[in-house]
Amino acid sequence: MTLPSGKAKMLKIYVGETEKFGNKSLYHAILLKLKENGLAGVTVSRGVESYGAANRIRTTRILDLSADLPMIIEAVDTSETIDRVLPFISEMVKKGLIITFDVDVIKQG
Amino acid sequence: MTLPSGKAKMLKIYVGETEKFGNKSLYHAILLKLKENGLAGVTVSRGVESYGAANRIRTTRILDLSADLPMIIEAVDTSETIDRVLPFISEMVKKGLIITFDVDVIKQG
Amino acid sequence: MTLPSGKAKMLKIYVGETEKFGNKSLYHAILLKLKENGLAGVTVSRGVESYGAANRIRTTRILDLSADLPMIIEAVDTSETIDRVLPFISEMVKKGLIITFDVDVIKQG
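As they're listed, the protein sequences go chains S, G and A. For the first sequence, our numbering assigns the number 522 to the initial residue and increments by one for each residue that follows. For the second sequence, our numbering assigns the number 522 to the initial residue and increments by one for each residue that follows. For the third sequence, our numbering assigns the number 522 to the initial residue and increments by one for each residue that follows.
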């Protein structure tokens with residue numbers, strides 16, 4: 522699970538906090554799926570406001586406990602490994618955004 | 522508001538939580554402005570500590586309820602759309618950082 | 522401490538919240554070190570879930586107050602300045618991930 526220094530790819534996924542995959546939260550299901558596929562690391566963050574495909578603004582600004590906040594998933598790995606997981610991640614994410622971009626790994630340990 | 526797969530651009534903006542634009546929070550005014558201009562999606566996150574142009578460290582580490590925490594705004598769209606909004610976003614952001622970088626859209630839906 | 526518009530580099534670092542550097546939090550020690558070295562700005566965010574080198578899943582999902590949450594540090598500066606700080610940042614980060622990638626600075630002020 523150690524990533525060599527040099528050229529690599531960032532996989533970044535934006536989904537709603539309340540989206541489900543089976544009986545799990547989609548963002549957590551994605552983390553588990555990436556782990557199962559040997560990705561070197563995954564980090565999940567929660568945003569405070571967003572709008573997207575569904576075109577509604579989701580926010581914590583008003584006291585709406587049912588707000589569907591944005592979850593941001595980041596994973597860095599080799600280009601080959603990221604390309605290998607994209608088909609089933611695309612399949613899991615019905616509503617949301619999946620992007621990749623080139624990065625340089627300086628250190629992973 | 523659907524974004525095709527392929528080459529695209531990330532617009533990322535860092536501003537202080539307490540910055541205002543008219544009587545609105547600047548970060549929320551930026552989200553509304555990007556939405557009004559048809560951007561496919563925008564996500565706002567709140568950081569916990571930062572320093573920047575003003576050179577002060579802002580933090581949640583001490584119990585300072587008036588801390589001006591960093592807000593991070595991310596939007597992905599075509600290069601043309603991002604370039605079109607940059608002039609007025611630059612005008613709105615007096616203190617802060619605006620960057621762009623190339624990304625590949627794998628899926629947006 | 523002002524950054525000119527144009528080509529620049531993002532330095533992004535992922536470490537655990539409980540990691541220490543001397544008697545400080547590692548993420549805060551990194552922010553201070555980058556500030557001391559004149560970086561134009563640094564933003565720190567806290568994630569909600571991750572796994573990495575240590576291969577454990579860290580999460581806020583269960584009520585585990587001792588959870589070692591992921592901290593994400595972002596700094597944008599010229600390529601030269603980022604390259605100059607990488608050696609000692611690599612030395613500070615024993616467990617974690619350090620990446621860089623190219624960005625365009627539209628405005629910093």
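Among the clues, some could well be false.
[What the hints assert, rightly or not] Interface residues of chain G toward chain S, partial, derived using beta-carbon atoms under 7 Å:
(1) 562
(2) 563
(3) 565
(4) 566
(5) 567
(6) 569
(7) 625
(8) 626
(9) 627
(10) 629
Note that these hints are calculated values from the structure, not bench results. Where a beta carbon is used, it is the ideal one built from N, C-alpha and C, also for glycine.
Status of each hint after checking the structure:
1. 562: Status holds, d = 4 Å.
2. 563: This interface hint holds because 6 Å falls under the 7 Å limit.
3. 565: Result: holds, 4 Å to nearest chain S Cβ.
4. 566: Nearest chain S Cβ about 4 Å off; hint holds.
5. 567: holds (5 Å)
6. 569: violated (11 Å)
7. 625: At 5 Å from the nearest chain S Cβ, residue 625(G) passes the 7 Å test, so the hint holds.
8. 626: holds (6 Å)
9. 627: holds (4 Å)
10. 629: holds (5 Å)
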